[in-house]
Every structure is written in C-alpha cells, then in structure tokens.
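K.L.:
What follows is each chain in one-letter form.
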Amino acid sequence: MRRTAPLGAAAAVYVIAAWLVAPGFFDGFAPPAPYHWVSPPPELKNSNRAPTSGLATIAVRNGSTEAGHVFTTDQQAAVTFPSQSFEAPPNGASVTLEIKPVPSYPDFGGIVPAGNVYLVSASTRLVSPVVVTLRYGSQKQDPPSQIFAAANSSAGWKSIGSINNVVPYTVAASTQTLGYFVAGYPPAPPATAASTASGAGSPPVLPLVALAAAVLVVLAGIPVVAARRRAVRPARDEAEPPPAVPQNLGGAKRPGRRRGRR
Amino acid sequence: MQPPHIDSPPERLGVQSAAARATAIGVLALCLEWARAMAARQHEIALVSLVVGGVALGALGLGFTAHQLGLTRSRLAFRLLGGLVLGAVLLLPSAVRGSPLPLIPAPFAVAAVGVSVGEEIAFRGALFAAIESWLGPGAAILGSSLVFAAGHLLSHPPQFLLAVTAMGLLLAVWRWACGDLVAPIVAHCIADLAL
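Residue numbers (the numbering used here), protein chains in the order written: chain X, -14 to 247; chain S, 38 to 232.
In case anyone wonders, no lab produced these hints; they're calculated from the structure.
Bear in mind that the values here come from a model prediction, so they are computed numbers and not experimental data.
Every clue listed holds true.
Quick partial rundown of chain S residues pointing at chain X, CB under 8 Å, derived from the structure:
| hint | residue |
| --- | --- |
| 1 | 112 |
| 2 | 123 |
| 3 | 130 |
| 4 | 133 |
| 5 | 194 |
| 6 | 196 |
| 7 | 199 |
| 8 | 200 |
| 9 | 215 |
Pairs of lysine to any residue, SDA-like flavour, derived with a Cα cap of 20 Å:
| hint | chain 1 | residue 1 | chain 2 | residue 2 |
| --- | --- | --- | --- | --- |
| 10 | X | 85 | X | 33 |
| 11 | X | 143 | X | 90 |
| 12 | X | 30 | S | 195 |
| 13 | X | 143 | X | 88 |
| 14 | X | 85 | X | 137 |
| 15 | X | 85 | X | 25 |
| 16 | X | 85 | X | 109 |
| 17 | X | 143 | X | 131 |
| 18 | X | 30 | S | 196 |
| 19 | X | 30 | S | 194 |
| 20 | X | 85 | X | 139 |
| 21 | X | 143 | X | 162 |
| 22 | X | 30 | S | 193 |
| 23 | X | 30 | S | 191 |
| 24 | X | 85 | X | 65 |
Note that the Cβ used here is the ideal one computed from N, Cα and C, for glycine as well.
The task is simple: from the sequences and hints, build the whole structure.
P.N.:
Structure below.
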C-alpha cells in the first residue's frame, strides 16, 4: 500500500495534466512545430513567424488535369486533388493552384477560428471536389471539428464539415468550390469552447478517467511490488538473523527499535 | 522502518562522488536531448539524429548494472503487462477525447523506439539510480522528472511541459515502487509510436 498509493496518485496527476493540453497527449515523438499566425495572439507576438504560401502547377494531359497536391511550405495548409478536378485550358496550358494565408477575409459572424484563413485559388474553374486540409493553431481547446468556407470576400462563411483524417493537429474537408477556408468552431454559446479548454465542460469525465487510470496502474503495479517485496524479505532476514538467546542479560533498557547488524 | 532498497547501488559512494556522478549524468542527458532536438529540425538528418541521440542516451546507463537500472528479468511477464497498462494510461486522455492516434511511418517508428529506450535508460535508469544513491528515492523521483521535462524544452511547446513532467513523474514513481524499468520502457515506446 505504501508504494502502490503513490503510483495511483501519480497516474491521476498525469491524466489531469495531459487533459489540459489538446489533444490530451503528453510527449509525442514529433511534436508540432509552432503554428505560424497571420495575426498571432499577444503572447506569441515575439516568437511568431509569418505563414507561407504554396503554389502548384498542374499538368494537363489528354485534355484533363492530373492528380496531385499542393502544400504551403510551412505545411499548414494543403489541397489534394484527383485527376480532372480542374477545367483544362483549351490551349493545353497547365493550371496553377495557389494557397495563400490572408489577413483580410469575410466577417466570421460568430465562427471561432482555430488558425489562419487561407485563400485557395486556381487559374481555371474547379469541376470536381478537392480536399482541403488545414492545420489548426490552437493547442488549448479541443480540436476543431470542421472547416468553414466562403466563396469570395463578400460571401458568408458556411461549414463544409470534415472527413476522416489521420494527420494529427489537422482538419480536412471536401469542397466543390475554391475561396476562403478556415478551421474552427461553429457559432455556439462561447462557454462551450472556453470551458472544454480546461476540461471543465465535462466535469464527470475527467475524474472518472483519472480514477480509472489510478486503479489500472495500481492493479498492474501490485504483482510487481509484491514480487519485489518477496525478493526483499529474504535479503532482510539474511541481514538480521533473529537472536538465539536473550540479549538483555545485564538488565539494561531495551532500545526503542531494532537495529540491523552492520 | 524502510525496507532495504534492493535495486539501489550495493556500494555506497561517497557523498561528493555520488553528487558528481548524478550531476554529470543529468547534464549529459540534457545536452544530448537538446542536441538531438536541434539536429532533428534539419529534415535531412532528422532520422539519423534521432537514432544516434537514442543510442547516446542509452549509453549513459553503461556504468550501471542491470540490477541498478531496474532491468533484471525476474517476473518479466508482470513487468511487460505493467508496461502495456502504463502505455494505455499514457494514451488514455487522448483516447477519451477522441483525438486521432495514427501510427508513424516505419523508419521513424524504429527511431521512436530507439529514443524511448534511450530516454528511459538515461532518465529513469542511470539518472534515477545516481540521484537515489546520493539523496534518496524521493529526490530521485522528483529530480529525474524535472530533468526529463527540461530535456523536452527545445522539442515541445511550453504548454506541453506540465504533462511531460507528469508523465516523467508517473514513470519514475513506477520505477521506485516496483524497482522496474521494463514497464516504463514499454509504455514510453507505445506512447511515442502513437505520436
């Protein structure tokens, strides 16, 4: 108990500490590089680096555009497109596709952005869906669940949802129109996003997870601690053989506790 | 009365030499972690730097016996099982919150295992044993956790460091309570493979 109790406590402390940072994970082999903001939060103003653009030239073969993808050079935004996604120019020229972080964009109208707004444009019309993947910059909120799009600077933002995406710290969605894109949270009572940032939005969950972690670790530790104790006992007995005859023949007071022979 | 600590160094070093050894291991581990983190920023040498860094960290355990490092083979099944449970607990917050946990590409997976093993031998193995022989188990738990967190200063965003410290604390408490480094190694590998 003396050794398993701290084990349970340490597991609970870990769960609480890891819960405070999205995505609820502590170490990671390759943690994300700092997000490059167009308009950094005040605390990141000194360390922020400007986000970069991405440009791709899409070849046209046999009258249709080829498949491929384009990333911004800092890999914060990407567009993946299958073949025949863009209208092929009549003269057989290639198509250019550009992703650019922009400082001005349509009013969010309640949407809570979790990163930069990117303007995706192409030299010809989009004719079939492409996938937009955006890395989000916020580390303290739950991951944003969707991407919002606005077709032009005067259009309103609309959610285009999200698709299954295995790349951590990113959200991906399929779109049939180009324009402005941002990863973020839908207009909702502000308390939702703010409170889940600290885990307070789900009060029953965190204590349960912490308790489960503590119980799991203690249960896993008990056999190892017990085996260790069994290994210690013979060593202790060897160090302290019980006295064969009374030691206190002279009537002197016994010491308060036994001392091992050295 | 405290039970004797069978995994502590059998020989009692002088206070000065114990302090010198713990300090040297701590400084070396920090330098190796920082150098590894800086080298890994260069894309061309990222993989090599991770593997070399992991091996170098593991080399810090060379002056210790397997017993001192908690790497004996007794009750190995229980310790491996403990590692699986610890690994599950490390991923638990992320899993409950529904965050994606993709596996990393194969070459980086090998490097991840190398780094995880190296870090455990350096921090919960050599550094823990060195501090324990100098100042006792409490200081070993706290000291190894703090140095482990400091080692991640260059590779992790600041807001992750509290969780990194807590992770170091959990694995160090296991190391103290169970006298075992096998489970922390297994757990660390699982966690790092899940990115």
